[in-house]
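A.B. asks: All chains, full assembly: derive it from the sequences and hints.
Protein chains in written order, with my numbering: chain A, 1 to 464; chain B, 1001 to 1185.
There could be a bad hint or two in this list.
What the hints assert, rightly or not - Once the Cα atoms are required to be at most 25 Å apart in a straight line, the calculated DMTMM-like pairs of lysine to aspartate or glutamate come out as:
{"no.": "1", "chain 1": "A", "residue 1": "Lys17", "chain 2": "B", "residue 2": "Glu1104"}
{"no.": "2", "chain 1": "A", "residue 1": "Lys17", "chain 2": "B", "residue 2": "Glu1120"}
{"no.": "3", "chain 1": "A", "residue 1": "Lys23", "chain 2": "B", "residue 2": "Asp1045"}
{"no.": "4", "chain 1": "A", "residue 1": "Lys17", "chain 2": "B", "residue 2": "Glu1044"}
{"no.": "5", "chain 1": "A", "residue 1": "Lys23", "chain 2": "B", "residue 2": "Asp1063"}
{"no.": "6", "chain 1": "A", "residue 1": "Lys17", "chain 2": "B", "residue 2": "Glu1027"}
{"no.": "7", "chain 1": "B", "residue 1": "Lys1107", "chain 2": "A", "residue 2": "Glu30"}
{"no.": "8", "chain 1": "B", "residue 1": "Lys1107", "chain 2": "A", "residue 2": "Glu95"}
{"no.": "9", "chain 1": "A", "residue 1": "Lys23", "chain 2": "B", "residue 2": "Glu1011"}
{"no.": "10", "chain 1": "A", "residue 1": "Lys23", "chain 2": "B", "residue 2": "Asp1154"}
{"no.": "11", "chain 1": "B", "residue 1": "Lys1107", "chain 2": "A", "residue 2": "Glu336"}
{"no.": "12", "chain 1": "A", "residue 1": "Lys23", "chain 2": "B", "residue 2": "Asp1043"}
{"no.": "13", "chain 1": "B", "residue 1": "Lys1107", "chain 2": "A", "residue 2": "Glu429"}
{"no.": "14", "chain 1": "A", "residue 1": "Lys355", "chain 2": "A", "residue 2": "Asp331"}
{"no.": "15", "chain 1": "A", "residue 1": "Lys23", "chain 2": "B", "residue 2": "Asp1170"}
{"no.": "16", "chain 1": "A", "residue 1": "Lys23", "chain 2": "B", "residue 2": "Glu1044"}
{"no.": "17", "chain 1": "A", "residue 1": "Lys17", "chain 2": "B", "residue 2": "Asp1126"}
{"no.": "18", "chain 1": "A", "residue 1": "Lys17", "chain 2": "A", "residue 2": "Asp38"}
No lab work stands behind these hints: they were computed from the structure.
Since we're looking at a predicted model, the values are computed, not measured.
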Amino acid sequence: MSRDPAVQEEIDRWRRKYERERKARLQAEEIAERFTRDALHDPLTGLANRALYLDRLQHALDATGRHRMPLATVLLDLNGFKEINDSFGHAVGDELLCAVARRLTDAVRSIDTVARLGGDEFALVIEDVDEARRELVIGRIKHALDVPFLLQGEPRQITGSFGIAFSRGNEDTPTEMLRRADMAMYAAKREGKTGHAVFETGMHAAIVYRLEMKSNLQRALAEREFRLHYQPVVEMFTGRITAMEALIRWIRVDGAVVTPGDFIPLAEETGLIVPMGWWVLEEACRQFMEWQQAPRPPLALHVNLSPRQLHDPLAAGIVLETLGRSGMPPDRLVLELTETSVMEDVASSQGAMEKLTALGVRMGVDDFGTGYSSLSYLQKLPVTVLKIDKSFVDDVAVSKRGAALVRAIIGVGSALDLQVVAEGVERVEQVGRLRALDCRFAQGYYFSRPLDAQAMTEYLGAAR
Amino acid sequence: MKGIIFNLCEEVVATHLGETAWDGILERAGVDGAYTSLGNYPDEDFGRILDALAMHRGNSARDTLRWFGHQAMPFLAERYPEFFTTHKGLRPFLLSLNDVIHAEVRKLYPGATVPVFGFEVPPPTDAGDGLVIHYRSKRRLCPLAEGFIAGAADHFRQPVALSQRTCMLDGAEECVIVCDIGRKP
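C.D. replies: Structural data, given as structure tokens:
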């Protein structure tokens, strides 16, 4: 049966209209979906964004409250991501973030949430983590980064700092959970570069304490609350003082003394160690030259140098200026680096040390034997002084093994023509053993504790 | 070009030229015709629809564009009354284009490229208010702007006389649209 052409045309027109409207509706749905996605997902990695993360966390916490199954929030921050971005470019950095996102997603179950909160910060919600599963879950997430990532075809080991917080009950809120995970991550960062930490109640207090200490440190530096003490280095066979080591002390306005162990690590972490360290050098050189006014056999001055100072691009310039201002002869200055700090990056340490020795100053290795030493570095680095760590000296008169170790270190030192100093000598038996082992120089309470400038002046006068 | 313009065009055509006209125009323009207000479509599609519409009306593309803008205004006012009700008359409405209306349009339609107008506000005369609008856009749709202005004038029930000092379509760097806005009756 054939239709009236006008009717047929009308039918076709409606069919076309219907088809157009159907297509437009599909487009609209697609756009709406994309809007929702954009609002709740990170465009780079496709992971949940902060808004969605907090929403999922809230839901998970609600469920936890009902079923009493704890959940974990995990925060992850990649170590050294900025350097990767700087040296490989942002495209490679972005690629790495996507790869990390995939690894994390693969490491957890589909009910768990993986989010990117911004930059190189990732967050996870892991549901139903009872005591028994905790280690397993943490392990799985941590191992996600184990296999090196390929950056421009080159394998590269990426590490992260993980902060983990477990829910505790009805009082948990997403913000509170994140705050705890954040504190744990902060602790993980502080305690080592590959670590993780689980939130503990004391962390908050510890962080507050550190923040206070940090601002106190800044103030102390500005208000000159630091003083230098000096500990003699003596020649073992004659008892003659041959050098002194400058040691920083923090004496607060109220007279309280803060021990270096309580503020040096924080100063290192915050970078305050750099201005602090350069102040120590300046002050020690000034004081040293004052002592050298009096006629006495030439001494050497040992000043500790933090790794951050060593790698300070201005280091050589600052040392040169300080030598110039104080009139200090360069060969009397020994800049001491700890073995661990040198070993962190031998190649770049070597370069930085050579710039300093080019000025005529000498370099020493402090706490020798405590780093995971490879003896070969001693040969490469421009070192002239080796200080045996106190832990070995402690054992030298106690056990045969202790004595054997010290003998070996002295042997290595003298083979390489280094001046070997035993640190932390406290008892007469140690002196006897060290002499027997042919250790020429020593430092420690047995000879003298660190003295303030005034006491040191008197000590030098008496020793003359 | 945002889908909303295509949707407005369809509404205007269906209302003034009849339901069947739009179908024919789409066919003549050779475009897909499925437009959703939030979508982004090639400017070229709009150009082809405009040409087809001009042919349908037996008029120039310029006139057709002005006509479309003029007739589209009531539909815009119906969809977005808040842009209109907050203003007492045509001039304050036009002056809010850059800072309020287009800012809102960008929120409603992310990715929308809206023109930025320059304004000169001459002192009022006995006859009414004047406004000089500077328009620069790669799309060179000044007739559409004129049409919209005329439509908005109808909405506020104010007479307006429009003339262009210079026009991009005549090779000028920018269009300068002079609006003589009469008092409300």
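A.B. asks: All the hints need checking, so say for each whether the structure fits it.
C.D. replies: Do the hints match the structure? See the list:
The hinted pair formed by A/Lys17 and B/Glu1104 fails the criterion: a straight-line CA distance of about 31 Å is larger than 25 Å. Proximity of A/Lys17 to B/Glu1120 is assessed by CA-CA distance (about 45 Å); at most 25 Å being required, the pair is judged violated. Distance hint between A/Lys23 and B/Asp1045 is fulfilled; the C-alpha atoms sit about 16 Å from each other, no more than 25 Å. Under the criterion of a C-alpha separation no larger than 25 Å, the hint pairing A/Lys17 with B/Glu1044 is consistent with the structure, at around 21 Å.
A hinted pair counts as satisfied when its Cα atoms are at most 25 Å apart, and A/Lys23 with B/Asp1063 does not qualify at roughly 31 Å. Between the alpha carbons of A/Lys17 and B/Glu1027 the distance comes to roughly 11 Å, so the proposed pair stays at or under 25 Å and holds. For the hint linking B/Lys1107 to A/Glu30, the alpha-carbon distance of about 18 Å falls within 25 Å, and the restraint holds. Between B/Lys1107 and A/Glu95, the direct Cα distance comes to roughly 31 Å. Violation of the 25 Å bound is thereby established for this hinted pair.
A distance of roughly 18 Å separates the Cα atoms of A/Lys23 and B/Glu1011; the hinted pair therefore holds under the 25 Å criterion. At most 25 Å may separate the alpha-carbon atoms for a hinted pair to count; A/Lys23 and B/Asp1154 exceed this at roughly 35 Å. As the CA atoms of B/Lys1107 and A/Glu336 are separated by approximately 61 Å, the hinted pair breaks the 25 Å bound. Between the alpha carbons of A/Lys23 and B/Asp1043 the distance comes to roughly 19 Å, so the proposed pair stays at or under 25 Å and holds.
In summary, the hint linking B/Lys1107 to A/Glu429 is not supported, as the alpha carbons are separated by about 82 Å, beyond the 25 Å threshold. Annotation: proposed proximity of A/Lys355 to A/Asp331 holds, straight-line Cα distance about 14 Å (limit 25 Å). For the hint linking A/Lys23 to B/Asp1170, the alpha-carbon distance of about 39 Å lies beyond 25 Å, and the restraint is violated. Between the alpha carbons of A/Lys23 and B/Glu1044 the distance comes to roughly 20 Å, so the proposed pair stays at or under 25 Å and holds.
Of the pairs offered as hints, the one joining A/Lys17 and B/Asp1126 is violated, with about 52 Å between alpha carbons and a cut-off of 25 Å exceeded. With a C-alpha separation of about 31 Å, the suggested pairing of A/Lys17 with A/Asp38 is violated against the 25 Å cut-off.
Of the numbered hints given earlier, the model fails hints 1, 2, 5, 8, 10, 11, 13, 15, 17 and 18; all others are met.
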